[in-house]
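Participant: Below are the chains, spelled out letter by letter.
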Amino acid sequence: MIRLYHVHKAFGDVEALNDVTVHVSKGEFAYITGASGAGKSTMLKLLYGAIRPTSGKLLVGGVDASKLSQRQLPFLRRNIGVIFQDFKLIENRTVGDNIGLALEVLGIPRPEVDRRVRAALNVVGLKTKGDRYPLDLSGGEQQRVAVARAIINDPAVLLADEPTGNLDGGLAIEVMEILLSVNLRGTTVLVATHDVALMDRFPHRRLRFEHGRLAES
Amino acid sequence: MLGHLIRRALRSLRENVYLNLVSTGVIAAAVLLAGVYLAIMVNLGSVVDSWDRDVHVSAYFYTDVPVDRRFEIKDDVANLPPVAEVRYVTEEEAAAWLVEKVEDVGPIVEELGPSVLPASLEITLKSENTRPGDIKAFVESMDDSDFEFIDYGQEWVQRFNTFLALLQVLGIVLGSLIFTAAVFLVGNTMHLVAYARRQELETMKLVGATWTFVAIPFILEGAIQGLVGSSIAVVGVLGLHTALVNQLQDALSLAVSDTMTFLPLPYIAMLLLSGVVLGVMGCSTSIYRFWSQAP
Chain A
1 MIRLYHVHKA
11 FGDVEALNDV
21 TVHVSKGEFA
31 YITGASGAGK
41 STMLKLLYGA
51 IRPTSGKLLV
61 GGVDASKLSQ
71 RQLPFLRRNI
81 GVIFQDFKLI
91 ENRTVGDNIG
101 LALEVLGIPR
111 PEVDRRVRAA
121 LNVVGLKTKG
131 DRYPLDLSGG
141 EQQRVAVARA
151 IINDPAVLLA
161 DEPTGNLDGG
171 LAIEVMEILL
181 SVNLRGTTVL
191 VATHDVALMD
201 RFPHRRLRFE
211 HGRLAES
Chain B
1 MLGHLIRRAL
11 RSLRENVYLN
21 LVSTGVIAAA
31 VLLAGVYLAI
41 MVNLGSVVDS
51 WDRDVHVSAY
61 FYTDVPVDRR
71 FEIKDDVANL
81 PPVAEVRYVT
91 EEEAAAWLVE
101 KVEDVGPIVE
111 ELGPSVLPAS
121 LEITLKSENT
131 RPGDIKAFVE
141 SMDDSDFEFI
151 DYGQEWVQRF
161 NTFLALLQVL
171 GIVLGSLIFT
181 AAVFLVGNTM
191 HLVAYARRQE
201 LETMKLVGAT
211 WTFVAIPFIL
221 EGAIQGLVGS
231 SIAVVGVLGL
241 HTALVNQLQD
251 ALSLAVSDTM
261 TFLPLPYIAM
271 LLLSGVVLGV
281 MGCSTSIYRF
291 WSQAP
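If you're matching them up, the sequences are chains A and B in order.
Taking the working numbering as reference, the numbering of the first sequence is continuous, increasing by one, and the terminal residue is 217.
Taking the working numbering as reference, the numbering of the second sequence is continuous, increasing by one, and the terminal residue is 295.
Treat the hints with care, as some may be off.
Okay, the calculated bits of chain A under chain B, using three or more residues with CB under 8 Å as the criterion [said to hold, decoys possible]: (1) 53 to 62; (2) 84 to 95.
Away from chain B, derived, C-beta distances all over 12 Å, residues of chain A [said to hold, decoys possible]: (3) 25; (4) 131; (5) 162; (6) 165; (7) 201.
Rather than coming from a laboratory, the hints here were simulated on the basis of the structure.
From the three backbone atoms N, C-alpha and C, an ideal C-beta is built for every residue, glycine too.
Starting from the given sequences, assemble the full structure and let the hints guide the process.
Facilitator: Structural data, given as structure tokens:
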């Protein structure tokens, strides 16, 4: 599902990723781990096309993400659910509208969007919060809204950047269980985290980065 | 899908009332400036037209030209293609006109006799032949052997010509300034609108929205703002026009409404369209700037 061949990414003189070659199979669950600045977020950004590799080849679902034009990029992103570290929720839209956005952009009719939003809210335990606005919610609840938006269209790939970073122990486990249930439905899941306890509790493959290099895969 | 995009545009208009009012106001101000300028040009144009209609050529006979010959010449002139109408003005009629127009000249005319002014032909040209160059060419083409003097207000026509040229240059300069100011104002306001919504743009792009999906509601918003703004401006120009007509009417006791015209329909349509274009251009360029910068 995800294949990187000798991928380099430099920001000026700083080499964020250095000769990374890795394969992640369809339906696999893997952690991207490492210290701060090791290259975890850079790796995720490359996968959803926010940045381009300096060199190397990067395939997501058979599509060369490094060569996509701005016009083609949305079609790659529609197959990728992303949970952003800063949630990226639209403040003046309700929770329901934020979650439904991923379906709206596909042109899905409103009644169908509403039905699936209700189901997604159920999954993340925010059944009664659909009409609230993001800033009315706690950090943990906002995190779960971001999760609901990322999974609502059953993406082929789910990328999560520190999805439990803002959550206390119990909520972190709940979110991890949601990600695992998504994975069980066949979605390839990549979770960037440095939470060792969480990785130990839910053991899966670890792609460990050190100074931009893949130290363990 | 289109219905959904229109709903999004309307919702966005409701949600960003203040910013939308500001950009609508800026468009209204810009179009109002353009409208006032157009109204001035249109009215000057109609004044020019009415002056054109009043252009006559007066050909004064030598006093020794027999009356029969004068009528022959009148018929010849009347048959010339550029001529619309020819009137023979007798010495008596000319003297009566002088007495009527110039105060206290009656006794002098009486003393000098009715032949104080020469008889003349008053030639009115067809409207398509009233440009200064045409009049000059017509006068030069006339056989002037029986005329002492042919007058067509050369000096006046020349001055009028210079005035027209100056007016046109002024119009182009003013028009360019107004257009530049409008684009600058609308562009900056729209940039603020887009800046306030950059988070929404970025998120939409990240979840897989295409440019078309994002742009259409913004463009519709811009078009609605433009249409509302330019409609306000047209009403404003109408208000100013009416107020000015009333003022002049009161001040001059003249039926100025006959000569002062409001903007013709094509001009109104042009103003409305320019508002829409300003709104759409301002919105789409600002949105595109943020869209292209979003990851």
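Participant: Please go over all the hints and tell whether each is borne out by the structure.
Facilitator: Verification of the supplied hints:
no.: 1; hint: 53 to 62; result: violated (count 0)
no.: 2; hint: 84 to 95; result: holds (count 7)
no.: 3; hint: 25; result: 23 Å, holds
no.: 4; hint: 131; result: 15 Å, holds
no.: 5; hint: 162; result: 16 Å, holds
no.: 6; hint: 165; result: 18 Å, holds
no.: 7; hint: 201; result: 29 Å, holds
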